[in-house]
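A.B. asks: Listed below, chain by chain, are the residues.
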Amino acid sequence: MIKVLSGNKAAAHAVRLVNPDVIAMYPITPQTPLAEEIAAFHADGLLDAEMIEVEGEHTAMSAVMSASVAGGRVFTSTSSWGLEYMGEMCMLCAGMRIPAVMVDVTRETSSIRGVCGSRQDIMSVRDYGWIQLEPANCQEILDTVLMAYRLSEDARILNPVLVAYDGFFLSHQYERVEIPTKEQVDRFLAPVAERHGTTFMKDKNLQFCPSISGLEFANYRYQSLQTLERVKSVFPEIEKEFEEIFGRSYGGAVDKYRTDDAEILFLTAGSAAGTIETVVDRARERGIKAGLARIKMFRPYPRQEMAALLDGRKAVATIDRSICLGWNCGHLHMEALAAVSDAAQKPLMLDFIDGIASTDITIDHIEKALAITRTALAGHEVQETNWLIWE
Amino acid sequence: MAKMLIKKHESCPADCSQCIQACAAARGGADPVVEKISLPEKGYETVLTCNQCSDSVCVDVCPAGALTAEDGKVMLNSDRCIGCGLCNLSCPYGGIFSAKSAHKSFKCDGCREYGSAACAENCPLGILEETDAAAVEEQYCEDPCSPGMQFCAGCGMELVLRMVLRSVGPDIVLFGAPSCCVPADRVKVPMYSTLMTNVASAMTGVSRYFHRIGRETICVSVVGDGGTCDIGFGALSAAAERGEKFLFICYDNEAYMNTGIQRSSRTPYGSWTNTTQVGSVGRGKSRDAKDVPMLIAEHGVNYAATATIAYPEDFIRKVKKGAEAAKTGFAYIHVLAPCPTGWKMEPEKSVEVTRAAVETNYFPLWECDKGEYRFTYKPKKVKNVSCFTDYMRRFAHLDEEEIAILQGYVDARYSQIKRLTQPVLPD
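Quick mapping for you: the protein sequence lines, in order, are chains A and B.
Residue numbering for the first sequence follows the working numbering, beginning at 1 and increasing consecutively.
Residue numbering for the second sequence follows the working numbering, beginning at 1 and increasing consecutively.
So here's chain B without its partners, still in its complex pose (with noise of 0.2 Å):
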């Protein structure tokens, strides 16, 4: 298996360069690729070298193929090598270095021939140090999902579904309903399907045989709104009630949309849909969405979020607390994800319109902790929900009196959260 060099978030002392002059003799004399960085100013001294990223934006760029990615190293084939140095501009952390004489870029190859890596050795104070990484690589390295996902460009959902599968780890068991995520043979953990209405229920029965066997395996359903808000609510009305523990993930699209797009009680006011469509008389759906992650929050659960996946960081974060809230109890993590198809929006917009969605209030990012709200992302300048809804052609006939409806219908849900987020003032 692999190595991984760690380099520790220690500041090295300013005179030593044992790692630098190992690299050079290790590479017999040649230039080393381990570089000292000096910020006097931060009082900070450390060494860049390459990370070997395991989706390296070097070898993206290289025209030329000199770039490889090879058993966990990143390799630079000096012959194809014709030193365009676009690597060395792309790079993110400056690992790769450019001997301009020479029209050729060289780079840390993971002391290929020298056996194991010479500046780890040399490190006389351990914060380079090389570790075996397997246990890494299983965790965040390896694809949750065989290749061959089916969906459609832009699906909201599938990303969802592989930060979910990313963050949780293998410990796991994936549960999902009859929708577009039934990737069930597709997918590299334990997954249960379940019908429509039993999601709750079914993660229920097998969450508490894994309790009374003392297995600590987590229970994570990846489920769409219709699942979760409509047929399945009662049951997971009820397994919030009775505190079970396990993670419930709802992937919103506000729709049907595996059935061909028809509305759900997530679908928010004026959007057309197959089953509110927009015509002499019809104006798409008469009534605002029932607003679900708030109903679970208060059923005094352990753990309930709001997130998006043009906020990946906010949003694994909460996964990793809401997996950790199931443990003890029962946990709801409440994604907004497009569908561009049932949106009638450009694919490649996807990850945009969710950033519309929360810089314009529409949906706002905030978690519930043990009773606790409070907001996790704050828009600095709150724009009209026009900006969110001009996005989509699902909204395309609302005119400014019917988005002024919906403006009202945000920032009534808005200002209820912000009360739940404020400290109750003393009588």
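Here chain A stands alone, though its shape is the one from the complex (with noise of 0.2 Å):
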């Protein structure tokens, strides 16, 4: 079926077809739509599911996080203050590796006035453990919520997920959006169907999380480490299957536009890409050899894979949406910066800030990016890190 839907909206579709056995979610700012959405799918009968109305985001993270522990599917979905609140439960889930799928509209924080977009929230949760996942369009996030449940309960993994979407950007804007049947969606979620419904509960002498340390919890830590590295080859294999069922093909970890023989490489994560993209091709139309380079997976951060890409570039422009305090510029440089030093060739690295606070980031914006990018590369002085929010 094919419908017009928002950000928000596509995500409440993929829920409704996940049916997960407990969802717990408390509303704010710009994750209500999708709140209100599956509130009324649950109303309408379309969503059979244990609905725990919670009074704030670090019950809706722990019910959830223990209702996956006693064997059952689940979701929850937050944004800015509410994915903070809730960061205690964040870490214990990501260390005790209990399966879960959340959604994270993003936005600000730093200020109570902070009801405005960017990558700045999610940007606490990179060391939790979570897998991340980044969609860029309305259909991507309703795939990619399917997805984070093959994830995050394939038994090579049992993690949890983090689908995050740029906030009002991506969560208020309509989109054509094919809606997948439920048929399609069982199949593509039969193999982890056993997972669903284990639980320690059943016998006796079985606990959970007990109190443990020295080797031991080292052991779950390794384990840790280990499992999300094994999540760059086991998330390409549901990509491919994902692709078989519902005849949409993503690009792995890292989504490549027009990168083989790109001199200047643009990196961003979310929305922006369609923008930059815009101007990959009027750059190219001028001759300018230039690229966009999406990172989609943010954790585990897709090391070899960067590494490889940024490799023998002349230049590597960051259109970054977060600020990394105490480095002097965004977090996707910052890291691109860490990988680069894994390249033979190591390419001009500046960093471009934009589209915080909600503001535009426009083709102007990109262009101007690209015009300072050139300047450094024909040999004059330019800052690593600046700032077009002010173009």
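Everything labelled a hint here was simulated from the structure, so no lab data went into it.
All values derive from a computational prediction rather than experimental measurement.
Beta carbons are placed, not taken as given, at the ideal position from N, Cα and C, and that holds for glycine.
A portion of the hints provided could be inaccurate.
[What the hints assert, rightly or not] Between beta-carbon pairs, the in silico distance windows are:
# : chain 1 : residue 1 : chain 2 : residue 2 : range
1 : B       : Gly371    : A       : Ala43     : 24 to 34 Å
2 : A       : Glu178    : B       : Gly169    : 44 to 54 Å
3 : B       : Asp369    : A       : Pro27     : 28 to 38 Å
4 : A       : Asp281    : B       : Gly214    : 48 to 58 Å
Join these two chains into a complex; the hints should help.
C.D. replies: This is the structure we're talking about:
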């Protein structure tokens, strides 16, 4: 079925199709339409789940995590302060490797007036141990939520997955979305049907989260690290199976646009990709070999793939929608600097801060970034980090 | 599995003695170990024999090691018996007999050689009956905790935990927060260890999923006052408001004991803790305790009650009632459980001090069943609160004036509950 849906509604349809056992959500802008749409599906009998009307995000995360421990399939969603408020439970969820899927509709934090979009809130999740996926349009949101369940509940993974998309831009933007059938989704999720309903609570003497320390604890941490590395090979398999059933394909951990011979490589995440692709096309018309790499899997960071991708480019221009405090740049740039150290031929690395606090990322802004990058390549001195916001 | 002799609460016919005759026959003509008891003034006739107690006093007192508990039976080795009669004296049931001339005791051995209990076999009315004891043993006789619980002497919490597990039975998921009560690997039931903040919300998630799949396993917490009344209170209050179906049990030792005795909202007025110290200026906690059981009851929950370890029959009854109430809504039990280490008192007085807490009205025993409050125990003569505080050095610095202030808080709290227990008069 084809419908015109916002990003939030597309995510809600994915949840309806997956039909989790337990859902707990606390409303926060710009996630609210998602919570309301799921409540409407439930009220109309289209979604048969235990709905817990929680008093806050901390309880939302704790409740769904615990339901998952008991054997259930679960869902929650949040944004901004809500994500930070559930931080303790998020760390526990990933630390204990509990399968769960959460949507974060990305938003600013740092002030009560931060009711505007950016990628800032999910930066605190970087070190929690969650898998982080960032779709760039409404169709991809629906598809990514479906894939998130496959990934989270895969016996080789068993780890929570965060699907994060741009607040306001994507959450409230309407696009053409193809809604798959329940049969298709059931077929896609069949391989993880066995994880469904398994629990430690069936026998005596089985405990969840006993107090362990020392080497046993270290072993848990080691396993978490290894699990996240495994995601890099499991995720492409899941994408391939997804394509076989639904007929739509995606580019793995890093989505590449005209990168093969690109000398100037743009780097970004989320919905800004669409605007940058337009600029890449325009630059190509002028004979400038530009391309775009969009990081879809922010965690685990596709380190090896990124190093290979950056290797030998003349310049990398990162369009960052979050600020990495203490590093005087954005997070994507900072992490690209770490990845490029694995590359044989290191490109010129420049960063452009744009689109924070819901400011528009325009074609003009990206053209400006391209111009600054070319100026630097021509031998002129430019700053490493440039703010396009006030352009 | 062991068999158990059950005696029903029915009167035997006055002229029947078939069990006694059968017993004597089974014992090859020796004296029977079943005795007839006649209470004509009550119109009641019955028989007595050994109850085969799992926790036998006779075994404990025997100085010769002649009595041993084996496979659910108390066995008497006649060769070792010195006929001192201590077992006869200590048995509360009259289950051991004395052959004075032989200087030996003798008792029922469950007809070990005969095969089945001859007395029950020959009872024409089925008053004596031998049944398979497996289910009963699992429920009551098996220790719900593994050996090696590492708590301080006199720990009230351990008693709470054992009573709760025995009363609720094995179809349970136990929840605990970081505290002394992290016995995760030492209880014989599934246990879910939470963080301090999320006991009630974790119970919500698990119990909701159980509800969805039609599983009737009960979720029960045994959590301290910090995780209940302070940092976890928001989640608890919200779960109570939503009417989540589980039994939340708080063991209240009136401070953060596991981290080394710091004050909580349940620490009473005047009490010393490591964060409400006594010095040239400090006089212990300056405020009274938050009345959390009352606050939870006022959420309109299915069941809320207070309990303590000095009144186990009251406590166990409430646990069972709470477990029943948790099938349809939220149930809460607040148990006063002393921490002798933190309360600075003699560990052997652990149970006694909680009796004093009730007898002084410091900790009244009440329950609120679907909005109906009632006292479940009323002290005959209410004592001054100092009869409670005198047990503990955490209150040792209090002068008369301060004791009077604490007494004021105690009286106010008691009269508030009393008001709630009284019927509302028409306008």
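A.B. asks: Compare the structure with each hint and give your call.
C.D. replies: Right, here's what the structure says about each hint:
1. Between B/Gly371 and A/Ala43 the beta carbon distance is about 30 Å. The supplied range of 24 to 34 Å therefore holds.
2. In this structure the hint that A/Glu178 and B/Gly169 lie 44 to 54 Å apart at CB holds, the actual value being about 52 Å.
3. Hint check: B/Asp369 to A/Pro27, Cβ distance near 35 Å, so the stated range 28 to 38 Å holds.
4. Restraint check, A/Asp281 to B/Gly214: a C-beta distance of roughly 57 Å satisfies the suggested window 48 to 58 Å.
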